[in-house]
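Protein chains: 2
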Amino acid sequence: MAKNNKQFVEEITPMEDDFAQWYTDVITKTELVDYAPIKGFMVIRPYGFALWEKIRDYADDLFKKGGHKNVYFPMLIPESLLNKEADHVEGFAPEVAWVTQGGNKVLEERLAVRPTSETIICTMYSKWLTSYRQLPFLYNQWNSVVRWEKTTRPFLRTSEFLWQEGHTIHETKEEAMKETLQQLEVYRLVAEDLMAMPVIVGQKSESEKFAGADATYTIEAMMHDGKALQSGTSHFLGQHFTKAFDITYSDREGNLAHPYHTSWGISTRLIGGLIMVHSDNRGLVLPPKMAPIQVVIVPIAANKGGVMEVVDKIAEEMKAKGIVVDVDDRDNYSPGYKFNDSEMKGIPVRIEIGPKDIEKNQALAFRRDELTKDAISLDGIAETVENLLEDIQTNMFNKAKKYRDERTYVAKNMDEFVDIVENKRGFAKVMWKNNAENEAKIKELTGATIRVIPFEQEDLGDTCFYSGEKADNMVIFAKAY
Amino acid sequence: MAKNNKQFVEEITPMEDDFAQWYTDVITKTELVDYAPIKGFMVIRPYGFALWEKIRDYADDLFKKGGHKNVYFPMLIPESLLNKEADHVEGFAPEVAWVTQGGNKVLEERLAVRPTSETIICTMYSKWLTSYRQLPFLYNQWNSVVRWEKTTRPFLRTSEFLWQEGHTIHETKEEAMKETLQQLEVYRLVAEDLMAMPVIVGQKSESEKFAGADATYTIEAMMHDGKALQSGTSHFLGQHFTKAFDITYSDREGNLAHPYHTSWGISTRLIGGLIMVHSDNRGLVLPPKMAPIQVVIVPIAANKGGVMEVVDKIAEEMKAKGIVVDVDDRDNYSPGYKFNDSEMKGIPVRIEIGPKDIEKNQALAFRRDELTKDAISLDGIAETVENLLEDIQTNMFNKAKKYRDERTYVAKNMDEFVDIVENKRGFAKVMWKNNAENEAKIKELTGATIRVIPFEQEDLGDTCFYSGEKADNMVIFAKAY
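Protein chains in written order, with full-length UniProt numbering: chain V, 1 to 481; chain W, 1 to 481.
Calculated from the structure, these hints are not laboratory results. Keep in mind that a hint or two might mislead.
Claimed, not checked - Stretch by stretch, here's where chain W covers chain V in the computed footprint (C-beta under 8 Å, at least three residues): (1) 61-74; (2) 245-258; (3) 378-386.
Stated by the list, open to error - Here are some of the chain W residues that sit facing chain V, going by a computed Cβ distance under 8 Å: (4) Ile44; (5) Glu53; (6) Lys69; (7) Val71; (8) Phe73; (9) Pro78; (10) Gly103; (11) Asn104; (12) Val113; (13) Met124; (14) Leu129; (15) Tyr132; (16) Leu135; (17) Ser144; (18) Trp163; (19) Ala382.
All residues carry an ideal CB built from backbone N, CA and C; glycine is no exception.
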């Protein structure tokens, strides 16, 4: 039935034909996002913003449970502050948007629209901190940042994006490192538990770390096209910024000390990941925990006696269980159109119910993840659907993990490596001797970079696949967004 | 006991001595806010941001119940868009911060850091809207805006502030007007129900309305010093923007029509209002619904056997009722210090409990609004405190309303008027014949402006207090923040 009505809904380019166009079709035709009048900027529409609210609420709750508090720092940062930490300014200066005029006057000093807020936050921490008794500062903010990007794609890379940035300072190196890794674990939960998006957890190479960090940790996910998406990062910043910004405190022995510092962020880019991990040629596929609408009920022959009564009754039963239900009772669309529409929007479960179903005391339950339709009894239907939603959430995670694992290959030499990233289009798992120069060469040759040095190491041999030297680690190379 | 320890907490300048300094002391010494490195910008610290979260969550819930959805539009707006609606650009152009450079390049067109988003939102509405079937668009966003202000004060008037801006379009004038007034009612609830801050609800005069509006509606509150604070506005924009931005749709008859338009906003300025309505010379006084901590329990002689057990037990009982409780068990501060600290922070209820109280099966309950302390039984203490919090919320509203009503005077002539706004420092309630020129003259002479034309009119006579002509309305004049 769905197929017969395909002409009525917007066409989506199959991902096999053109993955980039498929992505664009999915995000624009499902009205998640639109292009703003300024190149590289996006407008997040209600359905897209509802996804961001899910991520924000889930993460914010975990931040607060971990003792973090929200704050707000100004969006404009004087150039002189941005320049204080050398690596940092080198990393960000080329991407900055500058405010040079305010209220009809030319400003004496240019103001950066924040690309990230370490510099202004450290300026204030320096003012506030005096004693070890105040530590740690565990602050976070939800805001937007601007980075003037040359090539952009909605959600994945835009000149403005929404994110959160956590900024903490601590008495000891150990405590700061613990915080860095604890927040990385929060991000893993956001990705895997909420978004059903499996990630590889580990450390960035020296070349790929944050501008000004001692070490950057990451969660990396595989997209449908085999490319990697850096989905969240947590930085151990050591004392780089606390020294550059003269943040000191009187420690337990009464000596003046510099605290240790972390920062960590996730952004609207996660929504791009959600789509490229789960969605298909019919449109979005949303895991139930992310879905703004979890169940749509489509009445068939709604004008026939009794149908709407049953529909309303089962909708109420589901709502009582906390399930977000929408009854699609629009009278200007056919059931077929509604089926396609609900599939394009990625609603996890569709319940179809008409007079014949009611006679049999049943409804049809379509699950978006597997595209299967089964009759279910009207008795205890809310509980059946509740279980179905849980099953879909788990199944989507498992499916994505299987996909990733199947497209992750061991490379023992450069030929195998090139075959993986060019032809097989997957992750290349290799033994690696740390060497920034070799890393740069491989990037130039293949476009692939070290995405992550996984915490879960495997022993694939003793020598580096590239240099033949004694290897330091197993690492994952891939092309990336 | 509190007085003996006063030397340990930060001193607050009495409001009678210097109201502006009192305000500054309260907001900075309670660590709600700090001054940013750029003049006119503020940093909202955790305790201040927690207040904003209360406002945001309460309002967002009501917006959503009213069918509104959140979105996000870019923070930068091309100059050409800002220029499209003549009154609007005239109103905002002098306050705009301009981005002129992006990623090391000079931009071809200046980009405004949004002072408000009508122009960019209307640009997108024009693209999205085709049919009456899509209407209404009921969208809102929580974001920050920049307006280059000459004189600033944290929360009340800052060059950057946090707010929400709702933007809706509708088929009919009636529906848009209904929306405008419905959102004004939401704002009244935010002020009165959540913040215990009484407001006068009504319309702005022609001179005071939003740049580009047909009509602006407002809620106005009286501060401790008798000045008014415009605390939220809802604008009926008619078709000004929908015509300027060429937003059209095919109506029910198949004709091309321009929809009707509203916008409405509340901001972090409300926090300034909260303070100037309720707080006193000891510091903040927070209504229970706004308080990040509703009850603090201070153990006396905490090392004595049994005290902490009782403290923990009653804390759990209160938490079970949804009360936010903090046990102040810091061992490096005296009870006296803790008393003053909790009073400065405005915690609505303080429970003091020591060995002697436990012997009597009681605790002492201090209420911040009335500065009174009473013994309450440990039996059913959670319910007692719950009722106490409700009583405080109501009492704070009533007190503030009484204060406002007592400082609102009828002026029959200019002498009385000057006496009210200059000497008595209150609201002047007058009969008024609409006349922008006379309004400007009064402003020049006295600094007072028409704050609101209240919906609840009273008949104070037939003639305008100023011109002697037949009056149109009763209006409220006052000096304002």
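These are the hints, each one checked on the structure:
Against chain W, the segment 61-74 of chain V contributes 6 residues with a C-beta closer than 8 Å to a partner C-beta. That satisfies the three-residue criterion, and the hint holds. Counting residues of the segment 245-258 of chain V whose C-beta sits closer than 8 Å to any C-beta of chain W gives 0, which falls short of three, so the coverage hint is violated. Counting residues of the segment 378-386 of chain V whose beta carbon lies closer than 8 Å to any beta carbon of chain W gives 0, which falls below the threshold of three, so the coverage claim is violated. Checking Ile44(W) against chain V: minimum C-beta separation of about 4 Å stays under 8 Å; hint holds.
At about 7 Å, the closest approach between the beta carbon of Glu53(W) and any beta carbon in chain V falls short of 8 Å, and the interface hint on this residue holds. Restraint check, Lys69(W) versus chain V: the minimum CB separation of about 4 Å is within 8 Å; hint holds. Evaluation of the Val71(W) hint against chain V yields a held restraint, the C-beta minimum of about 5 Å falling below 8 Å. A least Cβ separation of about 5 Å between Phe73(W) and chain V falls short of the 8 Å threshold, and the interface hint therefore holds.
Given the 8 Å rule on beta carbons, the hint for Pro78(W) holds: about 6 Å separates it from the nearest Cβ of chain V. Annotation: Gly103(W) was flagged as interfacial toward chain V, and the flag holds, the nearest CB pair being 3 Å apart, inside 8 Å. For Asn104(W), the interface hint holds, since its Cβ comes within 8 Å of a Cβ in chain V; the closest pair sits about 6 Å apart. For Val113(W), the interface hint holds, since its Cβ comes within 8 Å of a Cβ in chain V; the closest pair sits about 6 Å apart.
Here the hint on Met124(W) is kept, as its CB sits about 5 Å from the closest CB of chain V, short of 8 Å. Among the interface hints, the one on Leu129(W) is violated; its C-beta lies about 13 Å from the nearest C-beta in chain V, farther than the 8 Å criterion. Checking Tyr132(W) against chain V by beta carbon gives a least distance of about 12 Å; that is not within 8 Å, so the hint is violated. The beta carbon of Leu135(W) is not positioned within 8 Å of any beta carbon in chain V (closest approach about 14 Å), and the interface hint is therefore violated.
Interface restraint check: Ser144(W) against chain V, minimum CB-CB distance 6 Å, threshold 8 Å, status holds. Taken as an interface hint, Trp163(W) does not check out: its beta carbon lies about 12 Å from the nearest beta carbon of chain V, beyond 8 Å. Proximity of Ala382(W) to chain V is violated relative to the hint, the smallest CB-CB distance being about 23 Å (cut-off 8 Å).
Hints 2, 3, 14, 15, 16, 18 and 19 from the earlier list are contradicted by this structure; the remaining hints agree with it.
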